[in-house]
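Peer 1: Using this note's numbering, you'd call the opening residue of the sequence shown number 1 and step up by one each time.
For the record, the hints were derived by calculation from the structure and aren't laboratory data. Note that beta-carbon positions come from the ideal geometry of N, C-alpha and C, so glycine has one too. Check the hints yourself; a few may be wrong.
Computed list of lysine-lysine pairs in DSSO-like fashion (alpha-carbon distance at most 30 Å, straight line) [what the hints assert, rightly or not]: (1) 49 with 116; (2) 49 with 99; (3) 11 with 49; (4) 49 with 203; (5) 58 with 125; (6) 58 with 11; (7) 125 with 49; (8) 99 with 125; (9) 99 with 116.
The calculated label-pair distances, taken between Cβ atoms and stated as ranges, are [what the hints assert, rightly or not]: (10) 183 with 154: 13 to 23 Å; (11) 207 with 74: 42 to 52 Å; (12) 173 with 149: 51 to 61 Å; (13) 70 with 21: 46 to 56 Å; (14) 204 with 92: 45 to 55 Å.
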Amino acid sequence: MLVAPDRRTRKRLATRQAISDTATRLFFERGFDEVTVDEIAAAADVGRKTVFNHFPRKEDMFFDRDEEIREMLRAAVWQRVSGVSPIEALRLLAHQLVKEQSYYVNFSAVSLGWVKTIESSETLKARARAVRDELSQVLTVVLAESIGQDPADPNAALASGLILATWTVALIQGHRTFRERGNAGEAQAILLALIDQGSIGLKAAMAGTPYA
1 MLVAPDRRTR KRLATRQAIS DTATRLFFER GFDEVTVDEI AAAADVGRKT VFNHFPRKED
61 MFFDRDEEIR EMLRAAVWQR VSGVSPIEAL RLLAHQLVKE QSYYVNFSAV SLGWVKTIES
121 SETLKARARA VRDELSQVLT VVLAESIGQD PADPNAALAS GLILATWTVA LIQGHRTFRE
181 RGNAGEAQAI LLALIDQGSI GLKAAMAGTP YA
């Protein structure tokens with residue numbers, strides 16, 4: 001049974017979200033590197049210490065859904081239907097996210113602003129690469145443990161790296177398609193086509209292992 005968060009937890013989460021929303025708005029308007037933590041704190045009507053209590057680094061306010069993504073990947077692999085491989089479970093996840101019009105595969109003016117903000121900041125680009133590396137490590141452990149293998153299994157690391165590379169290319173091309181043509185449906189179709197195509201290669205590369 002799910003237990004609703006208590007009042008203190010709800011207040012803490014609301015404050016965190018308000019800080020993140022304020023920071024993202026300022027980053028969109030002025031660029032990540034031009035906004036200070038003090039300006040974010042003032043705009044969110046909180047103290048500087050409160051900001052750092054929720055976000056140890058300024059870039060964490062921009063990439064504030066990192067943990068949500070990790071949990072989503074864990075759930076897709078661990079809760080997959082019997083007979084479905086881990087690689088197939090993650091391919092199906094992409095289709096489910098598009099069907100649900102999830103934030104993670106959203107192509108809109110907002111997502112263009114998000115991409116533009118990253119592209120204009122070396123700090124954010126470096127953090128984006130670090131986030132992808134961290135996700136790869138998390139996914140390696142999830143893949144291995146979901147089939148009873150040691151997290152150090154090199155096949156799990158290979159599968160994880162190929163999966164993250166496929167999704168990265170698919171998302172980049174999806175955003176590029178939307179930027180050039182302004183059609184969200186077409187951008188999502190490109191994303192899914194690339195993930196489907198990449199999954200074929202993944203299954204071939206991992207043939208003979210439980211991951212495929």
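Peer 1: For the pair supplied as a hint, residue 99 and residue 125, is the alpha-carbon distance within the 30 Å limit?
Peer 2: 29 Å, holds
Peer 1: Could one say that the CB atoms of residue 207 and residue 74 fall in the range 42 to 52 Å?
Peer 2: 25 Å, violated
Peer 1: Please work out if residue 49 and residue 203 have their alpha carbons no farther apart than 30 Å.
Peer 2: 48 Å, violated
Peer 1: Does the alpha-carbon distance linking residue 125 and residue 49 stay inside the 30 Å limit?
Peer 2: 26 Å, holds
Peer 1: Quickly compare the C-alpha distance for residue 11 and residue 49 to 30 Å and report which way the hint goes.
Peer 2: It holds: about 16 Å lies between the C-alpha atoms, which stays within 30 Å.
Peer 1: Are residue 204 and residue 92 spaced within 45 to 55 Å by their CB atoms?
Peer 2: The hint (45 to 55 Å, Cβ to Cβ) is violated, given that residue 204 and residue 92 are roughly 18 Å apart.
Peer 1: For the range 51 to 61 Å, tell me whether the beta carbons of residue 173 and residue 149 fit it or not.
Peer 2: This hint is violated: roughly 32 Å between Cβ atoms.
Peer 1: Does the alpha-carbon distance linking residue 49 and residue 116 stay inside the 30 Å limit?
Peer 2: 29 Å, holds
Peer 1: Taking the CB of residue 183 and the CB of residue 154, does the distance hold inside 13 to 23 Å?
Peer 2: For residue 183 and residue 154 the Cβ distance comes to about 41 Å; the hint is violated.
Peer 1: Given the hint that residue 99 pairs with residue 116, test it: the Cα-Cα distance must not exceed 30 Å.
Peer 2: Given pair residue 99, residue 116 holds - Cα atoms ~25 Å apart, limit 30 Å.
Peer 1: What's the verdict on residue 58 and residue 125, does the C-alpha distance respect the 30 Å limit or exceed it?
Peer 2: 13 Å, holds
Peer 1: Sort out whether residue 99 lies within 30 Å of residue 49, counting only the CA atoms.
Peer 2: Not OK: residue 49 and residue 99 at ~40 Å, beyond 30 Å, violated.
The structure is inconsistent with the numbered hints 2, 4, 10, 11, 12, 13, 14, although it conforms to all the rest.
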